[in-house]
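J.: Chain by chain, the residues run as shown.
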Amino acid sequence: MDFFSAMHSGLVSAGWPLWLANLVPPLVKALILLLFILLNCTFLIWMERKVAGHMQRRMGPMRLGPHGIIQTIADVVKLIAKEDVIPAGVDRWVFVLAPIVAFAPAFAVFMVIPFGPNLIAQDLNIALIFIAALTSFVVISFLMAGWSSNNKWSLLGAMRASAQLISYEVPLVISVASVALLAGSLSLQDIVRAQSQSFWYILVQPIGFLVFLTASLAELNRSPFDMSEAEQELVAGYNTEYSGMRWAIFYLTEYANLITFAAMASTLFFGGWSGPGLPPFVWFMIKVYFFIFLVMWIRWTLPRVRIDQLMDIGWKGLLPLSLVNLAFTGIYVLLR
Amino acid sequence: MLDQYTGVGVFLAVGALFVAVTLLAGKLLRPHNPYPEKLATYECGEIPVGEGQIKFHIRYYIFSLIFVVFDVETVFLYPWAVVFEEMGLFGFVVMMLFIGTLVEGLVYAWKKGALRWV
Chain A
1 MDFFSAMHSG LVSAGWPLWL ANLVPPLVKA LILLLFILLN CTFLIWMERK VAGHMQRRMG
61 PMRLGPHGII QTIADVVKLI AKEDVIPAGV DRWVFVLAPI VAFAPAFAVF MVIPFGPNLI
121 AQDLNIALIF IAALTSFVVI SFLMAGWSSN NKWSLLGAMR ASAQLISYEV PLVISVASVA
181 LLAGSLSLQD IVRAQSQSFW YILVQPIGFL VFLTASLAEL NRSPFDMSEA EQELVAGYNT
241 EYSGMRWAIF YLTEYANLIT FAAMASTLFF GGWSGPGLPP FVWFMIKVYF FIFLVMWIRW
301 TLPRVRIDQL MDIGWKGLLP LSLVNLAFTG IYVLLR
Chain B
1001 MLDQYTGVGV FLAVGALFVA VTLLAGKLLR PHNPYPEKLA TYECGEIPVG EGQIKFHIRY
1061 YIFSLIFVVF DVETVFLYPW AVVFEEMGLF GFVVMMLFIG TLVEGLVYAW KKGALRWV
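The listed protein sequences correspond, in order, to chains A and B. Each residue of the first sequence is one higher than the last, beginning at 1 in my numbering. Each residue of the second sequence is one higher than the last, beginning at 1001 in my numbering.
Don't read these hints as lab results, they were simulated from the structure. Since this is a predicted model, take the numbers as computed values, not measurements.
In silico DSBU-like cross-links for lysine-lysine, where the CA-CA straight-line distance does not exceed 35 Å:
#, chain 1, residue 1, chain 2, residue 2
1, B, K1055, B, K1038
2, A, K50, B, K1027
3, A, K82, A, K50
4, A, K316, B, K1111
5, B, K1055, A, K316
6, A, K50, B, K1038
7, B, K1112, A, K316
8, B, K1038, A, K82
9, B, K1055, A, K82
Extracted from the complex, chain A is given alone in its bound form:
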């Protein structure tokens, strides 16, 4: 973006050392995106409760502000003021580091997400690998949290979560690879441009999208795949021993990942920011919020599957399906 290169050259001419001036534009971008994520997550938590409420013919939060819109802010204030209990038996360092390992990669993913033709923090040419690598850090943070908590529920929840995450990561990554095959690039910006010049990839990737959607629901630990925090069986899963703000960071990460999923779904299969009439950023946000709503809709529609069914769907259903889809995509690209 022009603004940032102007900022960079301005700082260099003001006598800043080059390495320091190099750090400033990404830092500003990171802070803007952090604000974006915090605002959206605040809104999404409220939206989730409203959607859940209305789908069950309730009102959801209504007390604070019109239709309870500032409920989440009140919740955050409460969480900050809550006592931070670190139980006596925990492995302290790992316990404290787990929320950081969860949030930092989930946040860094936003660096490569294109919000508009020029509205992207950094257009890496390996964006898809970057995203695949950083999103799999979630497994490590779950295991860190679960193991260090010294709690049976936490450990069982973490083991289940990581079994689920690694099982669905493979079909997810392969379905994304089919899109990379069509676009011939791993940069998200290139993929969007390729679609705005031809057509949305959902038209030739309906199976790929189905695999992507199902696997993403599992990766997000979303119902019907919310095995890792099945309240009736595991209390709260890996974060049972976490309280106050430390717990809230895990919650925030979950919603940041939800935004990442929605952004990926719209970028890879539904043309990202491209669309007629409205500004690109508006198109992008419409698509993102549509997919977020879709996920919430699914959550309140389908019952939870059993763990053995979950593994069967992943290994015996989605994995072969995604490989077949990849082969057909290859043939399609050859004949194109």
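Chain A is already provided as a structure; the job is to place chain B on it using the hints.
T.: Using the frame of chain A, we list chain B on its own:
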């Protein structure tokens, strides 16, 4: 080329610092009143039995072994997808042979019952 990646470090640092700063800022506001009962491990209100880091089933290990095979495969898939059009039919056939070999392993694991979650 390399300066594209300074952003990665900056973003990871900002993410980590955000968590640290929120928790440290909260420290000024929140009460701190620990006592042994509060610090006990949660086990539905009972006094915890045994240690928390219990043994877990071998099947987790088996699944992660199969995962490693396929995850490494996907690392090869991405560069292949980028240069696919230049390689043409040859690239397609070679990759299908590679995936076919891995699928053979999957079928073997399937038949052996390694994918069964009991």
